[in-house]
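Novice: Single-letter residue listing:
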Amino acid sequence: MRPSTTQPGPYPPTGIVGYHAYLPGYRLQRSEIAAAVGATARGERCVAGHDEDSTTLGVAAALPAVRGRETAVGSVWFATTDPVYADKTNATTVHAALDLQPDVIAADLGASLRSGIVALFVAARDGGLAVLADRRGGPAGGADERDGADAAAAFLFGEQDPLARVICTASVTAEFIDRWRAPGAPDGATWEERFGEQRYIELADQLLASLSKAGAEVGAELGDVQRFAVAGANARAVRSVASIVQQATGATLEGADLADVIGNAGAAQTGLALAELLDVARPGETLLLISLADGADGLILRATEATAGRGEPMRAQLDRRVTIGYPQYLVWRERLAAERPRRPDPDRPSAPFAWRNRRYKLSMAGGRCRACGAVQFPLPRVCYQCHAADDFEPVPASGQTGRIVTFTVDRLAFSPSPPLVSAIVALSRGGRLQCELTDVRGPIRVGDEVIPTFRRGATVGGIRNYIWKARPVYPTTPAPARPSGAEPES
Amino acid sequence: MAQHSLSDRVAIISMGCTRFAEHFDRSADELAVDAVAEALAGAGLTQHDIDAFWLGTYISGISGMALARPLRLVGKPVTRVENMCATGSEALRAAVYAVACGAVDVAMAVGVEKLKDTGYAGLISPKIQDDGTRVNTSAPANFSLLVPAYQERYGVEPQEFRAAMTHVAWKNHANGALNPRAQFRRAVSKESIERSPAVAGELGVMDCSGVADGAAAAIVTRAPDARKYTGTPLYIKALSLVTGDGSGAADPRYDYTSFPEVVDCARTAYEQAGLTDPRRELALAEVHDCFTPTEIVLMEDLGFAERGHAWRDVLDGVFDRDGELPVNPDGGLKSFGHPVGASGLRMIYECWLQLRGQAGDRQVATAHRGLALTQNLGGAPGDCVCFISVVGTNPA
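Chains as they are written, first to last, in my numbering: chain A, 6 to 495; chain B, 86 to 481.
Since the hints were derived computationally from the structure, they do not count as laboratory data.
Glycine included, each C-beta is placed from N, C-alpha and C at the ideal position.
Treat the hints with care, since some could be wrong.
Only some residues are given here: those of chain B computed to face chain A with a beta carbon under 8 Å [unchecked claim]:
1) Gly-129
2) Leu-130
3) Asp-134
4) Tyr-205
5) Pro-211
6) Ala-226
7) Val-284
8) Ala-335
9) Arg-392
From chain A, some residues computed to sit far from chain B (all C-beta separations above 12 Å) [to be verified]:
10) Glu-37
11) Arg-170
12) Trp-196
13) Ser-217
14) Ala-240
15) Thr-254
16) Glu-317
17) Leu-323
18) Arg-340
19) Pro-346
20) Arg-347
21) Asp-395
22) Val-414
23) Asp-415
Covered stretches of chain B (chain A as the covering partner; in silico rule of three or more C-beta atoms under 8 Å from a C-beta of chain A) [what the hints assert, rightly or not]:
24) 214–222
25) 229–236
26) 420–427
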């Protein structure tokens, strides 16, 4: 049967107006994983903290991507192969953490690897936000655990001053068994890689033909492409297709080493590849992103002068990392049951309580007293300072920095990864938070700078308790030299 | 509107106090019966002579029936009260108010707590159903917040403050070693205090009060009637309670080097008792040494030391049993553990013994001053309740 092809979408003049890739701060040596089954391996993979899941990873990527443009977000599309909930939508948690308006749709795109590129396609249609986040693992010591990664990337589409305009897209769909996993099962499986490789090579040829046709309608040619990247779970297929595209277009391959230095982040891998392209693009360059998952999907973009205003590149996060041991990873992933403290387990979060408290709990909003100006979290009915009632204007904590007023390391309290560190944090625009600290890598001092960050608490009765914590800001160290052919931006 | 002193209208005529210990062989009911029996015997009364009862318990019973049932009290008004670590003191406060207003002639306050049935480490507070947003820190973690904040504000070197914390634990255990009712009756070396396993922040196990079961009771009556029951009653000079508004964490003016609730509470108590220089007027003070930095900060909040100087006064021995103002001569929460509902009345019990010259080996030399203070603190820095009483041997 002939694989179906889609026609290029009637895209409005749209582009990517903001993006951010988030790499969690922890790294695991692949040699440690391989040693569990008597094998050897090189390099390291990116690991999410014990209090991170696909939803919090997505929020961590989305917050910087939309900052200052919250009112411009037209929709939220969440892609992951590791959803926290089935039945209940996960994108709504992202929507709440970003404090978006209720008339903005937020939806999940299913738990397939293809959902990553699909989120981009869908978000591009209505000025939406594509959030691609994943946690990947597999059987102990195996290739999926070794070569997987936890990461996220978010892209906000819009018409106003895009960093890169959408030129065209194309898709080819095919049904065959390359990778599969039962819903909810922690471990997936893969057929012999060469079978999938051959299918994807065929699909890539068809995709290039479709892209060529779609490009012609808007006056673009494949030969215009200067930089491209390929994402997919089948590493052999990704390499072979990259070689085909290089020959067909003469463009420079970007991000060839991402799977080596970070690992393969599943549905988010497409996002990391696109972030890499945008990080290195120069104004006017044409970019091609290809996803290989149950078909082949392509997105052609053209960088604008606005690329000069983009944020910190993804690779700057490569050096901000802490190496953890394999047993720690297994405990964090709940593959090993850790000893529990002799303290009561947390209670199940009350759904009505959490709903009433959503402005503080999920959106981290407090209030400024209109009578005396005191900023307070959470939003009270009565001001602590002047005792005026019900007269506050909302103030978000998210996006602010803070300073530690005092802190403690609690070795008695319940935590999935003891000890629990908590602090009183004075926010830069007024008010204070009492919150847990996370991603603590060294000694803490009064006065240290921290940033509010959205994390998971305990899961009780299947309900995941999301909370805002704060993480210390550590000085940036220079990123390692780029190993790919492209020259760094001056 | 103002608060008015009850000074000298009410007197304590008898008390009882169990040993505080891991009473695996005794229920809360039995501990309450023991404390009540001792108090009744001391005054030559039976339970039928008591007009009303208040039971303070934090987690060991619900309603006045938690006391009426074990005592088989028939036809009596019995009320359970709770105000965190001030729970036992709250029972006394209610009983004193009932007598002072003339509603009853003789009232009893009972405090009881059974903590060792849970199997958990530390104190387990009742949970109110919520959404899990509040930070779930332990009590030692909450109080450990005082340490970096105090050091920062007053420029105290960590090892100096550590030495003061160690001195508090060392002093209170030395005192408790002389007390037959204490949970821990052994002096502890400063080295072993500093070597104890970390619990939270700068606090080790030996910076924390223990966890124990226990009960205590007091019988109060109108002051003019007191000498019918004993030749040496203790008169209530002041009762003060301040409940914090919980704003400490949110309010940038709060810097975690003080308990404002204690400062307010002490001002009211000293006005009621007519105290102007408590460090020299009090024979002793029983304060809430739940954790060692708490006692240091309390010395300043209670006006026993200048701001920023309490750590130095502690090291100079000002608050040792033979110092200028003995603090926690019975061994404090450090030696007794903290059966929450009983602790406030246990403190009054030490005043009862000391001011009447019955404290034996640990009798303070300052007893002739004739006034003693007790203080409880419940909650956490920035979010707490404080109770203070002053009792004395002489009617006005």
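Novice: Now tell me, hint by hint, if it's right for this structure.
Specialist: Each hint, compared with the structure:
1. Gly-129: Nearest chain A Cβ about 45 Å off; hint violated.
2. Leu-130: violated, 41 Å
3. Asp-134: Given a least distance of 42 Å, the restraint on Asp-134(B) is violated.
4. Tyr-205: holds, 5 Å
5. Pro-211: violated, 11 Å
6. Ala-226: holds, 4 Å
7. Val-284: Val-284(B) check passes; min Cβ-Cβ to chain A is 6 Å, inside 8 Å.
8. Ala-335: holds, 5 Å
9. Arg-392: violated, 17 Å
10. Glu-37: holds, 28 Å
11. Arg-170: holds, 42 Å
12. Trp-196: holds, 43 Å
13. Ser-217: holds, 54 Å
14. Ala-240: holds, 40 Å
15. Thr-254: holds, 51 Å
16. Glu-317: Nearest chain B Cβ is 30 Å from Glu-317(A), so the label holds.
17. Leu-323: Non-interface label on Leu-323(A) holds, nearest chain B Cβ at 32 Å vs cutoff 12 Å.
18. Arg-340: holds, 24 Å
19. Pro-346: Per Cβ check, Pro-346(A) is inside 12 Å of chain B; nearest 7 Å; violated.
20. Arg-347: Arg-347(A) not clear of chain B: closest Cβ-Cβ about 4 Å, inside 12 Å.
21. Asp-395: Given a closest Cβ separation of 17 Å, the condition holds.
22. Val-414: Check fails; 6 Å does not lie beyond 12 Å.
23. Asp-415: The assertion about Asp-415(A) is violated, with a minimum of 4 Å to chain B.
24. 214–222: Since three or more residues must qualify, the claim that chain A covers the region 214–222 of chain B holds, with 8 doing so at under 8 Å.
25. 229–236: holds (count 5)
26. 420–427: violated (count 0)
Of the numbered hints listed earlier, those contradicted by the structure are 1, 2, 3, 5, 9, 19, 20, 22, 23, 26.
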